[in-house]
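Given the sequences, and given the hints that come with them, work out the whole structure.
One-letter residues, chain by chain:
There are 6 protein chains.
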Amino acid sequence: MLNKNVQTFLACEHEYAESRVVLFGAPFDSTTSFRPGTRFASRAMREDSYGLETYSPYQDLDLEDAKVFDGGDLDLCFGDTKKSLAMIHDFAAAIFQDGKLPFMIGGEHLVSLGTVQAAAEKYPDLCIVHFDAHTDLREEYLGTPLSHATVLRRIWDIVGDRRIYQFGIRSGERAEFAWAKKHTVLHPFDLQTLAENLAGLRGKPIYFTIDLDVLDPSVFPGTGTPEAGGVSIRELREAAVWVGRNLKIVGCDLVELSPHYDASGASTAMALHIWRELLLSLERDFMVRPAQL
Amino acid sequence: MLNKNVQTFLACEHEYAESRVVLFGAPFDSTTSFRPGTRFASRAMREDSYGLETYSPYQDLDLEDAKVFDGGDLDLCFGDTKKSLAMIHDFAAAIFQDGKLPFMIGGEHLVSLGTVQAAAEKYPDLCIVHFDAHTDLREEYLGTPLSHATVLRRIWDIVGDRRIYQFGIRSGERAEFAWAKKHTVLHPFDLQTLAENLAGLRGKPIYFTIDLDVLDPSVFPGTGTPEAGGVSIRELREAAVWVGRNLKIVGCDLVELSPHYDASGASTAMALHIWRELLLSLERDFMVRPAQL
Amino acid sequence: MLNKNVQTFLACEHEYAESRVVLFGAPFDSTTSFRPGTRFASRAMREDSYGLETYSPYQDLDLEDAKVFDGGDLDLCFGDTKKSLAMIHDFAAAIFQDGKLPFMIGGEHLVSLGTVQAAAEKYPDLCIVHFDAHTDLREEYLGTPLSHATVLRRIWDIVGDRRIYQFGIRSGERAEFAWAKKHTVLHPFDLQTLAENLAGLRGKPIYFTIDLDVLDPSVFPGTGTPEAGGVSIRELREAAVWVGRNLKIVGCDLVELSPHYDASGASTAMALHIWRELLLSLERDFMVRPAQL
Amino acid sequence: MLNKNVQTFLACEHEYAESRVVLFGAPFDSTTSFRPGTRFASRAMREDSYGLETYSPYQDLDLEDAKVFDGGDLDLCFGDTKKSLAMIHDFAAAIFQDGKLPFMIGGEHLVSLGTVQAAAEKYPDLCIVHFDAHTDLREEYLGTPLSHATVLRRIWDIVGDRRIYQFGIRSGERAEFAWAKKHTVLHPFDLQTLAENLAGLRGKPIYFTIDLDVLDPSVFPGTGTPEAGGVSIRELREAAVWVGRNLKIVGCDLVELSPHYDASGASTAMALHIWRELLLSLERDFMVRPAQL
Amino acid sequence: MLNKNVQTFLACEHEYAESRVVLFGAPFDSTTSFRPGTRFASRAMREDSYGLETYSPYQDLDLEDAKVFDGGDLDLCFGDTKKSLAMIHDFAAAIFQDGKLPFMIGGEHLVSLGTVQAAAEKYPDLCIVHFDAHTDLREEYLGTPLSHATVLRRIWDIVGDRRIYQFGIRSGERAEFAWAKKHTVLHPFDLQTLAENLAGLRGKPIYFTIDLDVLDPSVFPGTGTPEAGGVSIRELREAAVWVGRNLKIVGCDLVELSPHYDASGASTAMALHIWRELLLSLERDFMVRPAQL
Amino acid sequence: MLNKNVQTFLACEHEYAESRVVLFGAPFDSTTSFRPGTRFASRAMREDSYGLETYSPYQDLDLEDAKVFDGGDLDLCFGDTKKSLAMIHDFAAAIFQDGKLPFMIGGEHLVSLGTVQAAAEKYPDLCIVHFDAHTDLREEYLGTPLSHATVLRRIWDIVGDRRIYQFGIRSGERAEFAWAKKHTVLHPFDLQTLAENLAGLRGKPIYFTIDLDVLDPSVFPGTGTPEAGGVSIRELREAAVWVGRNLKIVGCDLVELSPHYDASGASTAMALHIWRELLLSLERDFMVRPAQL
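Those protein sequence lines, which keep their order, are chains X, V, B, U, G and R. Those letters in the first sequence? Residues 1 to 293, by the working numbering. Those letters in the second sequence? Residues 294 to 586, by the working numbering. Those letters in the third sequence? Residues 587 to 879, by the working numbering. Those letters in the fourth sequence? Residues 880 to 1172, by the working numbering. Those letters in the fifth sequence? Residues 1173 to 1465, by the working numbering. Those letters in the sixth sequence? Residues 1466 to 1758, by the working numbering.
I should point out that these hints are in silico values taken from the structure, not numbers from a laboratory. In this text, all values refer to a predicted model and were calculated from it rather than measured experimentally. Check each hint, because a few of them may be wrong.
Below are the BS3-like pairs computed for lysine-lysine, each with C-alpha atoms no more than 30 Å apart in a straight line [unchecked claim]:
(1) B:K653 - V:K474
(2) R:K1548 - B:K669
(3) U:K962 - V:K375
(4) B:K668 - R:K1548
(5) X:K83 - G:K1255
(6) G:K1255 - X:K82
(7) B:K669 - R:K1547
(8) G:K1239 - U:K1060
(9) G:K1254 - X:K82
(10) R:K1587 - R:K1548
(11) U:K946 - R:K1646
(12) V:K376 - U:K962
(13) U:K1060 - V:K375
(14) U:K961 - V:K376
(15) X:K83 - G:K1254
(16) X:K181 - V:K360
(17) R:K1647 - R:K1547
The following block contains the structure:
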């Protein structure tokens, strides 16, 4: 495993062997078509994580009670998309092999393809829970099948029909929405129908991918393709925690923070808020000290 | 008509003759008293429009099915307010003469005076629907009667009492609010009473002017005079689409985006969101393919 | 009193002798642990206050009808925390001695310790109303008992158990929340239970301290330690005005605006909005012209 | 005279009556064609002047020994160019009438027209020393004769042929350079031939106008129209001090700082450096304590 | 040829058929390893070119007298490096086939590989003149042979030993400098030995590639990998003009402007300065009106 | 020694025991009076160091051949100046005790007081070589004797008369320059007389402190108190390398980078350039492989 010469995320200084969750960064944005810069997300989040508390009053849980390994960032090959995806896949596959849960920080959304491939190899009945502003269901984009705008279509190539549950979607081509009606389960605009629509997934292995641009740009301007009309931070936190607590997550990611586009640091703070709350919800049953609320 | 050496708005590459709507920019901010920069709005919106989809899942309509001509930007005379307003007036008057609908991108709010003058010449019974944070009803400002802070007062000079319907207003002098009680129809703070208050205007010719600072600065920081307490992007979109669908709009504008004050690009994305949704609502009945939702 | 060579806040040009409220800035941020810069708040607010109207349509009150003295900024000693707090204390004590109400603009939150000490000397039964994202109840931080992260604990040293009413709190160590259960009155996350929980304080002398990071970072990114999940500008305005109208405020402050971290100016506009509305609510009963709404 | 409710420039707190030099700001940029914002220059310079020392080791002179009145900023009428120029003219004329020297801080370059008009009324044999990147000699620009791009042509209307000495010029239309050969004295690119070319002006009344974009954009990026290839800060300081010490300056200005375009503050620091050194060179013979170097 | 729906560079509105020089943008930065964003260069340069004059007092030449076609930007495939290079090659090859001179605006430096390949196909004895801060001679970088850090090595694969003349180089691995001693002609640190070292190339077909980071970061901060110690804008202009006037340039490019990293716009202004002067030097002998200096 | 959970500077991953030089950060800026933020310098430099090459073509030396330990950052106590200086002193003293050379990255200039105190305890005949824009010789500042503006005066308290050699100084009070004539050796404005003036120090123990604002703000805008008129990066590099090669340096520091004030990253790149070149010059005689130039 990685983790040499890296300053870890807040409270994630545990050894690989003793950890159930493995954090790592996938700093890749070579296919980003509008505004690049998500490569800086994992570094910005690590640095600013020290402005956060380890304790969550929302869940009455404390990161100090969890055991998380931070593997640092993969050294991806900018400009060589296939090679980069292979590196992500191999790293995630090793984590799955060791019975651990990979928690990846993007990078652009395409990085999810590497981890999902590895997850599907281990869990053939894998389903996807997907929060996003965009459908990401194009067959190809700018002449390539491997793009941030096609990633969910590529994931569908792997998992098949009606295995991808999409929420918060508010942008795409007309054809993508039409295609989704047949092949995925798409709930547009917000996350409010989450619990009812995902009830049937309890117990099944789930990969959970959050494109942070599901948030409104007023909440999260630091992203490559801001799309007006998104959800609030409260709505995202509550939905993410619901998923973490109620479904059997086998892997997850947070993608599309582009920190340089929000010099105030607020977008990075939003990403870290979701990171902490999701991580705590995943680890709740494995902690030293249970919640008291 | 203009349109030489200009990169048009997304999907607005149609010819003048075949188009019902004519877009153009009025990059003028010479009377702006606090922070100038709205002159950059139309260029920023054109460039960033390519980060947008042409399709709206909110209305199930697609810009690809509309025919819109983009006339480019007027070459206004910075520092000579009267001359600039005359140029705007003449350009809009020609559009009205050709039976088309001008859709202007400001610039500061004063530019609306030019288009409204032209509209009123064609439609003597013109009414105004006005979304804004500010009353803009001063008799004069900094010693001049022609200012972004007086523009609705000047428009009142043209259309007269009780013909201006103001919504979202939350800033002005005490005297302006008092004056409005007699001369305009002013609904402060939000857009929620829109439908009931505008029902009587159905069928009448309406000029629709949206000062984007009606949005809260958390949503739209990129403006010259941010005023806390405004509406959300959802509230503005729904209100704008209601107006576009239910009233007989003969001309409209979006003003007061100052893109350099929001380096994240989120404010420009917000402006483009309203631009697309309003444009689609105006064109809905003239499109090749009707909505399916 | 101070006030030499200073451009005052909008409409605050009255003489000290004739004023009931005394504004002053405490530009100090030496203990800020994450991102400094609150020292620039009072200057930014004075300058940008001229982009504001004096009239509030929310309260139908006008700053032109109030008499407020702006004392300018204290010349605090960066790096010498005790000396700086002593200067703040002495300045506030003189204001109290003259029967006036100090309204301080921070600076970091620690500056409140100076004014509260002075207030408690005059009002032994002083209670504190505290809006904040953070508990600020650590016994010490980075090895010092005097820090922005300990300020409410130091204030508790002065006023004692159950005299501090905390609202909007959403960040702190687990131990701080536990400590608060015994020693303060803490309402987490929002301001919605304000009226019911503060009803018992009517008539008692209150010091009101607003850490503006109680606002969500989407509303107020210009602060040193942005913490996701806060309240909206409307919720804060309504709560602040409720406090100003219903309780007997003897002193107050607004702290933790760090204007350089929000180049759009929106955060400064938010701070000024609360400043104007709180100031009007405090002065309502002392104004020349009463509200008409 | 003005000067109410203004925080003065560093060390410029003297009374009008006892001062020989009168500082004032002319915050006007309505004709700026590319990037507005010079209106913020005088405020930014006043605020940041407190980061400067009053003492110059270059000249061994100290602002503490000079008597300078800071009149604050004129309240100019954005969008009404003629009215604004008239206000500047009248203010400067009053200063000339009192036998004092106006030192104006722009604003865009057009503001010089107001002060030069007033100067020429008092000194019919007035000559102009002009440092700039641009010729500013167009007959009209964007349809108006009153523009930042025409200001020296308008000044030529007043002072006539061969009375304008231009240095550092590196940008203009071919026709402007050709026109200059007949009507002004133009030394392109740098300031190195200054002493030899201005020797004949000793004793004559001189108005000295410095467009700070004569500096290279690497030195001074905070300006509306950055033009590569300019002089260094040392070359400008030495030239400005030479002019201040060797010629009979009756009025002067520094124009075209646009501080928001350089968030680092370096451009404002550069402007202040020239301001202090020029002011000291003008006041050298009128100071309490002479230089010792 | 391209050029649909594009706002051209200043004064480059001529038809393809009548032009000798063909401008085009190659907005590609997928292999950039440190800070991406050069994709925005051509758009920023086109927009800001309107702040420039067409006339150069340095050369007494005017762009109005040249005939230049602006082909707009290629639609490159982000993330697919080979495909993007092939598109660049094909576009340049068509220009060469028509006997014209391609003038490319990057993009990262790797884009030069496409144009050089096309140039070498037409001119087998092609030599390269290369201005840069970096050697760019690695055999591979981050696991790929196609990278901004390997581009000159790939070009060497095409043109062979001692055909690449490198100037201004001040950064690279020790091994790269050693390799250069055998295979290229490398003059480190500055451009001062240019004329003597390139005299032997007169008459030979030359591709001229300028990585703008040859400029010092004080002059040109808006680039992906700022490297201290570079040349001044004057040194670069004079060297570029020397090359344009004295050598037989068959193709050229300007690469590595990353405009978002310099919000002041100064870096873009620097790039445009070199663009205009180089373009004029290339076109001098083909112009309507000769220089008069 | 420190160094837990830190990402080290480029190529500084050696063990403490085997290293001769010990890097560490002193992120402290509590006494900064104008613009704080130097606390972010060491983190920014570590992160951006990976954009640098390890090899210097200026000296033909490679960091790969040196052995340097990076101790990470001290956890200083913001707001408690004495305690912070004591921590710095103790850390440096331990390094001296182990016969190693401390290389500190500030923070504000006051941090040098801690290391110099430790150095003087070991080397009673210590001399100081000091590059700076400012004299830093005030007896006290804002009421405190411990300030960035007094640090050299406090160092004089330790080392006594004529033991401090100051270069590049261009800002201070008249009284400071007068005081310096008696008590230090001050060469104003530039570094050009360095070699002749320091020749007598060969062989004596020297502490070398570089306030990076000795650079001109055009080169180094990212600093708290930009002062026009400084040296170029070449002049500073050559002077620093001369000192490193010719004098017996026992400790050194680089202070006053404030990276957030230069979002382009150029200032950080400049600081890293000096860091690498100085470090190589110090280590030249201790390296595995000697220079070949």
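Taking only the CA atoms, is the gap from G:K1254 to X:K82 under or equal to 30 Å?
-> Between G:K1254 and X:K82 the Cα gap is close to 12 Å, so the pair holds against 30 Å.
Agreement of U:K962 and V:K375 with the hint, judged by alpha carbon distance not exceeding 30 Å | Holds, at roughly 13 Å.
Measure nothing beyond the straight line between the CA atoms of B:K669 and R:K1547; if it is 30 Å or shorter, mark the hint as holding.
-> holds (13 Å)
When you check the alpha-carbon spacing of U:K946 and R:K1646, does it fall within 30 Å?
-> With Cα atoms ~28 Å apart, U:K946 and R:K1646 stay inside 30 Å; holds.
Is the Cα-Cα distance between X:K83 and G:K1255 30 Å or less?
-> holds (16 Å)
30 Å limit on alpha-carbon distance, applied to hinted pair V:K376 and U:K962 = Satisfied, since the Cα-Cα distance of roughly 16 Å is no more than 30 Å.
If you draw a straight line from the CA of R:K1587 to the CA of R:K1548, is it 30 Å or shorter?
-> Holds, at roughly 21 Å.
Holds or violated: B:K653 with V:K474, Cα cutoff 30 Å?
-> It holds: about 28 Å lies between the C-alpha atoms, which stays within 30 Å.
Mind checking the alpha carbons of U:K1060 and V:K375 for me, to see if they're no more than 30 Å apart?
-> violated (35 Å)
Has the given pair, R:K1647 with R:K1547, been kept, meaning a C-alpha gap of at most 30 Å?
-> Holds: R:K1647 and R:K1547 sit about 29 Å apart, inside 30 Å.
Assess, step by step, whether the Cα of X:K181 is no farther than 30 Å from the Cα of V:K360, and give holds or violated.
-> Roughly 28 Å between the alpha carbons, so the hint for X:K181 and V:K360 holds.
30 Å limit on alpha-carbon distance, applied to hinted pair R:K1548 and B:K669 | With a Cα-Cα distance of about 16 Å, the restraint between R:K1548 and B:K669 holds, given a limit of 30 Å.
Of the hints listed earlier, the one the structure fails to meet is number 13.
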